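Enquirer: These are the residues of each chain, in order.
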Amino acid sequence: MDKRHEVLSSMDKARQAAIIVLLSILAVLVIFPVVYITLGSFKSRTELLVGGAKILPSVFHFENYVNAWQQANFAVYTGNSVLIACGVMVLSLLFSTMAGYVFSRTNFVGKNLIYGTFIMFMFINVGSISIRPLFELATRTHMNKSLISVILFSAGMGQATYIFLARGYVNTVPKELDEAAKIDGCSFFGTFWRIIVPILQPLIATIALLSFRQGWNEYILPLVFTMTNDKMRPLTVGVNMLKNSGDGAASWEIMFAGATIAVIPMIIVYILFSKYFMNGSTAGAVKG
Amino acid sequence: MIYTNVQGRTRHDRMGRINTIQAALMLGPAVLLLIICSIYPFFWMFRYILYDYNGFTAHFTGIQNIIRMIHDTSFLESIGHTFEYAAYKIMCIIPAALLIAVLLHSGIAGTSIFRLVYFLPTVISSSISGMIFSFIFATSNGILNGIISRQIPWLTSPDHVMMAVTVLAVWGGFGNYMLYFITGMNGISADVYEAAKIDGANTTQTFFRITLPMLSPVLKVVLMLAITSAFKDYEAIMVLSGGGPGNRSMVMFLYIYHLIFGSAYNVTQPQIGYGALLSCVSAIIVGCVTLLYLKISKKLDSVV
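Top line first, the protein sequences correspond to chains A and B.
In case it helps, this note's numbering puts the first sequence at residues 1347 to 1634.
In case it helps, this note's numbering puts the second sequence at residues 1308 to 1611.
Because the hints were derived from the structure by calculation, they are not lab data.
Please note that the accuracy of each hint is not assured.
[To be verified] Computed list of lysine-lysine pairs in DSS-like fashion (alpha-carbon distance at most 27 Å, straight line):
hint, chain 1, residue 1, chain 2, residue 2
1, A, LYS1457, A, LYS1521
2, B, LYS1504, B, LYS1606
3, A, LYS1491, A, LYS1359
4, B, LYS1504, A, LYS1359
5, B, LYS1527, B, LYS1605
6, B, LYS1605, A, LYS1621
7, B, LYS1539, A, LYS1589
8, B, LYS1539, B, LYS1602
9, B, LYS1606, B, LYS1527
Note that this is a predicted model, so its numbers are computed, not measured.
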């Protein structure tokens, strides 16, 4: 952090060191579950079932991943996870930036009512009951045969936050830019596409990452929609199904490998783009 | 843009109409999804409150569901558990996040790395983190019991399960709240700290007299977010303990999920009508708690 306060930067060295030690211990505790699952995924089944305090595997069993990938269907699960995450990301990006732009730049009767409804439903939470009518709707329209329904509904349930972010961001873009584009003959959409979208890059990155994470981590929604169809399951559901199935107790090494496959890609994306994740998470709550 | 001739004006009008249509088309998809995914399910819920509905046939049963709810000890207990869980979670997560934010804000080396690590659990799916913690807390071969070389039944004893659930909730969420506090603290002017230093305030005094009061607007928002999110949590608990042992860690929304979709353990028919009623009641309970909190925080405002 660049803004150091005079008062605190004059802290004596011993105190600083104590704080760093404390924070480091905490950091180890926080990261421990991830390290444990990753290293544990290389252990043999017997080693996992015996347990104990050892974190490192005695022998690295890379074949756990081969088995998970081929026998336990994880290749399919991973593909589904990627599909859902990318689908939710594309839909969220398209719909929320366009809606945010309209909310920021136009005036029409009922605008505030519609915007208010979006925001209101961010706070109304009735839990899993809201998935039931969507499930029945998808069954009736035969959309439950593919992941399109999961992608659409996931995008729909998460979009309010992104619209809120997009509207706020477009509000900070000077209106003079729109006027200039209009004089040059751009239509409403043309202005959005040629002028505003290029300016929205940071916002687009934030929404892309948040919605990708949302799609990748979605659990209850795909769980309900893929109850009877193993081929459509994403990683989150597939791994947990192993745990619930009868022989779950026996295949710990597959579950460890599966959980690792579900977690590591997200962590890599996070480490590469952590700035956007953090900006996006706080922008809605504190600055708004 | 001023058009002086008639031709110009019609061109302007046509352009305006095209722009209106474009704006409507651009807002359309989001509104359509809002209707399908939020508004429709909300009203759908009310439709079945007084029905017995198993997913195929629905019978009107009058106030049967309400009578059942009043006598449903499992549900009443789950309300208690929800409050218990929310209290544990908020009591741990808010002070921890605030303390860490203050420490990180003091300008020590490696701040950004610590922040990166502490925020990391929030990007992991709660279903997967629930699963990871179920391995960590496993009684016979879990790593936690391995390290402390004891055989504590974290997930299978009614005395311990809430602790395990809380640990998972705090681990998965404190990074978010820490970040809110850091953002809030960045908004406090350095001049204020300067002045405090000149007046000879020590670290503790600075925290209680400057940081905390100046942070109170942020703290209020964060507390509200913490309350609403704690009351609606159920995914992680569903994977970690499944609401067990018995119903010891069963929270309202998990109980409702089992009613609506059936559970993995007992294959019963979904009871959607009853689930709809309980969903409605639960949402009202959460709403009342939120309103109560808003009222209290406003009262505190006028006192201070």
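Enquirer: Taking the hints in turn, state whether each one holds.
Expert: Each hint, compared with the structure:
no.: 1; hint: LYS1457/A x LYS1521/A; verdict: 19 Å, holds
no.: 2; hint: LYS1504/B x LYS1606/B; verdict: 32 Å, violated
no.: 3; hint: LYS1491/A x LYS1359/A; verdict: 63 Å, violated
no.: 4; hint: LYS1504/B x LYS1359/A; verdict: 18 Å, holds
no.: 5; hint: LYS1527/B x LYS1605/B; verdict: 10 Å, holds
no.: 6; hint: LYS1605/B x LYS1621/A; verdict: 34 Å, violated
no.: 7; hint: LYS1539/B x LYS1589/A; verdict: 24 Å, holds
no.: 8; hint: LYS1539/B x LYS1602/B; verdict: 21 Å, holds
no.: 9; hint: LYS1606/B x LYS1527/B; verdict: 12 Å, holds
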